[in-house]
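Q: Please put together the full structure from these sequences, using the hints given.
Listed below are the residues making up each chain.
There are 2 protein chains.
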Amino acid sequence: MELIQIGELAREAKSIMSTLDTERKNNVLLLAADHLVKDTKKLLAANEKDMENARANNMPQGLLDRLLLTEERIEQMAEGIRQVAALDDPIGEVISEKKRPNGLVIGQKRVPLGVVGMIYEARPNVTADAFALCFKTGNVVILKGGSDALYSNMAIVESLRGALKESGILPGAISLIEDTSREITAKFMKMNDYIDVLIPRGGAGLIRAVVENATVPVIETGTGNCHIYVDESADFDMAIDIIFNAKTQRIGVCNACESLVIHKNIVQKFMPLLTKRLKEKNVEIRGDERAVSSAPGIVPAAEEDWGMEYLDYIISVKTVSDIEEAISHINKYNTGHSEAIVTSSYENAEKFLNEVDAAAVYVNASTRFTDGFEFGFGAEIGISTQKLHARGPMGLLALTSTKYIIRGNGQIRP
Amino acid sequence: MELIQIGELAREAKSIMSTLDTERKNNVLLLAADHLVKDTKKLLAANEKDMENARANNMPQGLLDRLLLTEERIEQMAEGIRQVAALDDPIGEVISEKKRPNGLVIGQKRVPLGVVGMIYEARPNVTADAFALCFKTGNVVILKGGSDALYSNMAIVESLRGALKESGILPGAISLIEDTSREITAKFMKMNDYIDVLIPRGGAGLIRAVVENATVPVIETGTGNCHIYVDESADFDMAIDIIFNAKTQRIGVCNACESLVIHKNIVQKFMPLLTKRLKEKNVEIRGDERAVSSAPGIVPAAEEDWGMEYLDYIISVKTVSDIEEAISHINKYNTGHSEAIVTSSYENAEKFLNEVDAAAVYVNASTRFTDGFEFGFGAEIGISTQKLHARGPMGLLALTSTKYIIRGNGQIRP
Numbered sequence: 001m002e003l004i005q006i007g008e009l010a011r012e013a014k015s016i017m018s019t020l021d022t023e024r025k026n027n028v029l030l031l032a033a034d035h036l037v038k039d040t041k042k043l044l045a046a047n048e049k050d051m052e053n054a055r056a057n058n059m060p061q062g063l064l065d066r067l068l069l070t071e072e073r074i075e076q077m078a079e080g081i082r083q084v085a086a087l088d089d090p091i092g093e094v095i096s097e098k099k100r101p102n103g104l105v106i107g108q109k110r111v112p113l114g115v116v117g118m119i120y121e122a123r124p125n126v127t128a129d130a131f132a133l134c135f136k137t138g139n140v141v142i143l144k145g146g147s148d149a150l151y152s153n154m155a156i157v158e159s160l161r162g163a164l165k166e167s168g169i170l171p172g173a174i175s176l177i178e179d180t181s182r183e184i185t186a187k188f189m190k191m192n193d194y195i196d197v198l199i200p201r202g203g204a205g206l207i208r209a210v211v212e213n214a215t216v217p218v219i220e221t222g223t224g225n226c227h228i229y230v231d232e233s234a235d236f237d238m239a240i241d242i243i244f245n246a247k248t249q250r251i252g253v254c255n256a257c258e259s260l261v262i263h264k265n266i267v268q269k270f271m272p273l274l275t276k277r278l279k280e281k282n283v284e285i286r287g288d289e290r291a292v293s294s295a296p297g298i299v300p301a302a303e304e305d306w307g308m309e310y311l312d313y314i315i316s317v318k319t320v321s322d323i324e325e326a327i328s329h330i331n332k333y334n335t336g337h338s339e340a341i342v343t344s345s346y347e348n349a350e351k352f353l354n355e356v357d358a359a360a361v362y363v364n365a366s367t368r369f370t371d372g373f374e375f376g377f378g379a380e381i382g383i384s385t386q387k388l389h390a391r392g393p394m395g396l397l398a399l400t401s402t403k404y405i406i407r408g409n410g411q412i413r414p
Numbered sequence: 001m002e003l004i005q006i007g008e009l010a011r012e013a014k015s016i017m018s019t020l021d022t023e024r025k026n027n028v029l030l031l032a033a034d035h036l037v038k039d040t041k042k043l044l045a046a047n048e049k050d051m052e053n054a055r056a057n058n059m060p061q062g063l064l065d066r067l068l069l070t071e072e073r074i075e076q077m078a079e080g081i082r083q084v085a086a087l088d089d090p091i092g093e094v095i096s097e098k099k100r101p102n103g104l105v106i107g108q109k110r111v112p113l114g115v116v117g118m119i120y121e122a123r124p125n126v127t128a129d130a131f132a133l134c135f136k137t138g139n140v141v142i143l144k145g146g147s148d149a150l151y152s153n154m155a156i157v158e159s160l161r162g163a164l165k166e167s168g169i170l171p172g173a174i175s176l177i178e179d180t181s182r183e184i185t186a187k188f189m190k191m192n193d194y195i196d197v198l199i200p201r202g203g204a205g206l207i208r209a210v211v212e213n214a215t216v217p218v219i220e221t222g223t224g225n226c227h228i229y230v231d232e233s234a235d236f237d238m239a240i241d242i243i244f245n246a247k248t249q250r251i252g253v254c255n256a257c258e259s260l261v262i263h264k265n266i267v268q269k270f271m272p273l274l275t276k277r278l279k280e281k282n283v284e285i286r287g288d289e290r291a292v293s294s295a296p297g298i299v300p301a302a303e304e305d306w307g308m309e310y311l312d313y314i315i316s317v318k319t320v321s322d323i324e325e326a327i328s329h330i331n332k333y334n335t336g337h338s339e340a341i342v343t344s345s346y347e348n349a350e351k352f353l354n355e356v357d358a359a360a361v362y363v364n365a366s367t368r369f370t371d372g373f374e375f376g377f378g379a380e381i382g383i384s385t386q387k388l389h390a391r392g393p394m395g396l397l398a399l400t401s402t403k404y405i406i407r408g409n410g411q412i413r414p
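Each protein sequence line maps, in turn, to chains A and B.
The opening residue of the first sequence carries number 1 in the numbering used here; numbering runs sequentially from there.
The opening residue of the second sequence carries number 1 in the numbering used here; numbering runs sequentially from there.
In case anyone wonders, no lab produced these hints; they're calculated from the structure.
All clues given are correct.
Examples of chain B residues lying across from chain A (beta carbon under 10 angstroms, computed): (1) 100; (2) 102; (3) 109; (4) 111; (5) 113; (6) 255; (7) 342; (8) 349; (9) 355; (10) 356; (11) 369; (12) 371; (13) 387; (14) 389; (15) 390; (16) 410.
Beta-carbon label-pair distances, calculated as ranges: (17) B:71 - A:8: 54 to 60 angstroms; (18) B:12 - A:71: 53 to 59 angstroms; (19) B:19 - A:178: 46 to 52 angstroms; (20) B:284 - A:8: 31 to 37 angstroms; (21) B:24 - A:346: 20 to 26 angstroms.
In this text the structure is predicted, and so the values were computed from the model without any measurement.
In this text, a Cβ means the ideal position worked out from N, Cα and C, and glycines have one as well.
A: And the structure:
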């Protein structure tokens, strides 16, 4: 289908979506979950086509695993939709209302964004997640998934549309762009007349391409060069546990730790203990001169290392003379995601919290907690690393806007 | 000065700006107001250069008037800054704080956006306003004013920087790009490493150019094709007063009414009364067939008229069969600014409020009220017509972001 047709279907659905009440939306979501489970065989067959193509194209094992659907994973997708149905509906809430001296009553009400465009890579479960979060907030969603997952995504969308049809909801509430060419993606990013916001989810390259080429407003998500600063006063055991967790618990995620900053006065004592622990997972350590001389097996870091998001068993180590240098190093190289300090100094903890410029700043905890579920939002559409609209993990509220509603009785401006 | 140097100065100032306390910021603002008044002669001399150039270039009278500075207008600029000093400081407020089951305490705190880029046209007072609003919220501002107001803007910025210097604040807190060429403006819009948000203020052409070319996140402001729908049940006197006010009280502003939508059952009775009133200001009326036949002196509208922001003594009239048609016409042609219904029907009022998609939706009041002062925000940096981040009049809150601050005692993710 042509992009413009998809846009028109979305626009048609949008005006109705914003008027659906919560109970209706929840019932549709529960039905959509049932449809996915009911369509398990079709979904597995479609996914097998994607898997065959991927294997033929020598996709690495890690990505193959992300692409794979199983009966259990389909049940998890359905369960994810049911969980979204159970969340509070933010739409329609009046955030503020006040009466002005001239008698006008000005209320501010939460409304859907309208049409959300998602551009993402190979995980098919994002298709169902994005639909659930957008539908719950009265938004229409247009999905542009990766070519690797095309058959899986088509099957998921068809299944979800089955539930929409059974519920009397226009199919345009969810659309998938099946032409995954660059040309069509470039056009999609400029459909300002049809799309209210674009959310890219994926690697740094994808996100950069969207930020650079889109004219539709974008919520930038994801890339995380997350630092942990080990202060002079840090508890070594705590620091090592936190670093080990943040680096190795899951390496391919944006809230994993990529860079360490260590106070020079402790580096000689601390690094031998840390290297020993990181060796358990064969983590490669790249350090500056002081770091290299502090323990065996640390290789010299190049300037590029300070800005790298490895997403691998690699970590960089920069040593600093004081907390000011640590903060300024972090503010220079970070990507605005998650940064942590390990310290027992109240003053340094507060200074770090106040002066480090990132979506989430931690004292004495792992950066791995930056995520909608861990923050208690119940669900997540992504993690914003920009400052406009939403910052940090984005739950349902990030998919809403507001509208001023003004009730008068004939007021004119003098 | 080179753009990159301006960017570096801004970055240097940014890290300090976010740590200034409210009292310090207010004192600087009060001093800045005094400096403007003290520098009145310099400001008038610089403005006279701009005025001479403008007259030589045959600038129309209306624009000349917007460019002109007088002793009184400089006093008003200073007073505007003092009023911003008197407003509550939103920065540092903890919006929410909760303890998670694992003991992490997650707080969300209001912080500055960072560096705000303003691209605007000829009114020099915007220079002082933008500085005051950004400074109050701990933001650095980089200004790109119009070439017509260059000397005035340079003098204003120099005066404000005098106050910064006297207060020990880095000059990079406010910068003016003196090279107003298109090439430099195009580069400015892509300085993602230095600028957190761009706010364009000006005509539709300027705003479109920024939305299309910027890679820095933009808050779209301003263009307003505002409609008033006169329902079958409207009180005619009220409708005529509201239309007269919204159309003619000030024609060059974005919240002026440009388009009328009228229920077909009342058009024959209503239009003769309305045309009579609008004649007082020689307003040209362009209508569809039913409108043209309803009263003398109405000229036929072309399709383009439905989408026009005239900013002139012209108004279009579309007749409709029912409120559904009115809403769908408005949702098709509006620019997401301000829309009003005049009605005595509770049901139609609620329907209009719920279904019209715009930043501000009115029942029985003039669209001219969409403005930060009228909404009680005390000040305004612009009126957002997009749905991300801020929608409608933007006061100080629209110049803030948030940051998650997480306090732990060694938590790692299981």
